[in-house]
Amino acid sequence: MITDININLSQWPFRRLPLDETPELVEKLHRNGITQAWAGSFDGVLHRDVAGVNSRLANECGLHGEGILIPSGSVNPMLPDWQDDVRRCHEQHGMRSIRINPNYHGYKLNDPICDELFQQVVTHKLIVQLVLKMEDVRTHFPLMMVPTVDMTPLSDLIQRHPDVRLILMNNYNTLRGETLSKAAQAENVYFDISHAEQVGALEKITKSVPYEKLLFGSHAPFFYLEAALLKFKESELGETITRAIQFKNAERLLNEP
Amino acid sequence: MIWDLHGHFSGVDGATVDERIARLMEYADRMGVERQVFFMGWPWSRDPTPEEFRKQNDQVLQAISHWHDRAFGFAYLNGRYPKESLAELERCVADGPMVGVKLWVSFKCSDRKIDPIIVRCGELKAAIYQHTWLKVQGNSPGESTPTDLAILARRHRSVPIICGHTGGDWTRGIRAVRAEKNVSIGIGGSEPTAGFVEMAVRELGADRVIYGSDIGGRSYASQLAKVQGADIPAADREQILGLNLKRMLTPILNAKGMKR
Ligand SMILES: [Zn+2]
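Quick note, the sequences are listed as chains A and B, same order.
Residue 1 is where the first sequence starts when you use the working numbering, and the numbers rise one by one after that.
Residue 1001 is where the second sequence starts when you use the working numbering, and the numbers rise one by one after that.
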């Protein structure tokens, strides 16, 4: 039983990925014991018709999700009337979480618009999946180099919005030092493991982040799904911690009011 | 069978190389990695003086001395010091137990000054691992690209050369070395981006693709995933995970009477 909180549907804008057709991706997830996957859409990174992106995402999860895909809609607060996208995610699509890409959408975590977004999120009881980066910055398309989200304002943001359930996605090496330790201590902040590196990555990360705050995330199909799965072979975590990271923490997070 | 082309003594605790290699081998065991190549010691030096690279090679020699059946060493050299590098090649490979060389970011491999090292490696049948990257923000001054490596490979058509990291941006790196049949790619030390190994097998053939991890800065998990997660035939997977490196090292292992 595994809940993967970090997958994407549709197509990565810069190349075709091996599993960017939903039925094939779902088949792969099934085969590898993923029993639930929170799916965003690659389209949400660059498209401006976000309402269309989210409708397609919800449809796709229903049509091809085989009961395991849960849609996580995109919100871009730099677009006119973005508040209605938040509302539709909740009311129309029954979504439990949203994805945000501040670096691609052009705002910072200390911009007032971010506070407004977080207030809306509380109103609609949504989980925020904050994506720090999509791709290694060294391999970006030369005319579209997008820096990783600056995490310096994170601690203050969390302090201003302690009720927002926040998942920091693709976070490894971006969060360090005091910013990391403060985030790790915050009650409602979680971390996905998709980018965790070094030998025995999970043994290491559980030393700086309580295991109750870690969530299985693969960043598939951009990453090979096996990268996240094999982390559990490389680290000896024991059953309690393994189950917590693989699905219990996500289950608890999803079932919180 | 998994042979790993690319490892360092980082990412684990341990005051000595002996302590560190023992820790690293525990992880190798868990992942089914039978043989591990190590190069460079610590602290990192991007442009090592001869004294520095000798010291780092001493660390590797010490580490592998207790792990003859599991660990191989490549000598860290610097193309900016051709004379001293050649002497170090004699010490570590011709007269020592090492079976290859590592060239990093101090000196562009397209420069002819590096040729004597490559020629001598060819004579010794020593593996050549040259780091390459294609950073969109720009490489560091001495950092080679896969295109630099292709230029080098054209001057030494009978010498096998490994294009380290496949340039990081493998979509370009694979193309840059495609025409040079003596070039294999090292796929370790980058994010586990899907499609990498599929494209490599399609464009180069599985026999030119070599698995390596770049532990301890990287994990075995993320790097093995590139091969174990790729949609390729099982026979190709076996070649990439171990057979290709074994084939490349067999002549020098035989010459040294080392276990294969
Ligand atoms: Zn390395």
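Derived by calculation from the structure, the hints in this document are not laboratory data.
Any given hint could turn out to be false.
[As the list claims (entries may be wrong)] In the DSS-like style, the derived pairs of lysine-lysine whose C-alpha atoms are separated by at most 30 Å in a straight line are:
1. B/Lys1108 / A/Lys233
2. B/Lys1055 / B/Lys1256
3. A/Lys233 / B/Lys1246
4. B/Lys1181 / B/Lys1256
5. B/Lys1108 / B/Lys1055
6. B/Lys1135 / A/Lys204
7. B/Lys1113 / B/Lys1055
8. A/Lys233 / A/Lys204
9. A/Lys125 / A/Lys233
10. B/Lys1083 / B/Lys1256
11. B/Lys1055 / A/Lys108
12. A/Lys204 / B/Lys1108
13. A/Lys28 / A/Lys108
14. B/Lys1108 / B/Lys1259
15. B/Lys1181 / B/Lys1135
No experiment lies behind these values; they were computed from the predicted model shown.
Here is what the structure says about each hint:
1. B/Lys1108 / A/Lys233: violated (38 Å)
2. B/Lys1055 / B/Lys1256: holds (23 Å)
3. A/Lys233 / B/Lys1246: holds (25 Å)
4. B/Lys1181 / B/Lys1256: Holds, at about 27 Å.
5. B/Lys1108 / B/Lys1055: Since the Cα atoms of B/Lys1108 and B/Lys1055 sit roughly 23 Å apart, the hinted pair holds (cutoff 30 Å).
6. B/Lys1135 / A/Lys204: It holds: about 28 Å lies between the C-alpha atoms, which stays within 30 Å.
7. B/Lys1113 / B/Lys1055: holds (23 Å)
8. A/Lys233 / A/Lys204: This hinted pair holds, its Cα atoms lying about 14 Å apart.
9. A/Lys125 / A/Lys233: The given pair, whose Cα atoms are some 35 Å apart, is violated under the 30 Å limit.
10. B/Lys1083 / B/Lys1256: This hinted pair holds, its Cα atoms lying about 24 Å apart.
11. B/Lys1055 / A/Lys108: violated (46 Å)
12. A/Lys204 / B/Lys1108: With a Cα-Cα distance of about 35 Å, the restraint between A/Lys204 and B/Lys1108 is violated, given a limit of 30 Å.
13. A/Lys28 / A/Lys108: Distance of about 36 Å is beyond 30 Å: violated.
14. B/Lys1108 / B/Lys1259: Distance of about 34 Å is beyond 30 Å: violated.
15. B/Lys1181 / B/Lys1135: Holds. B/Lys1181 to B/Lys1135 sits at ~24 Å (cutoff 30 Å).
Hint compliance for this structure: hints 1, 9, 11, 12, 13, 14 are broken, all remaining hints hold.
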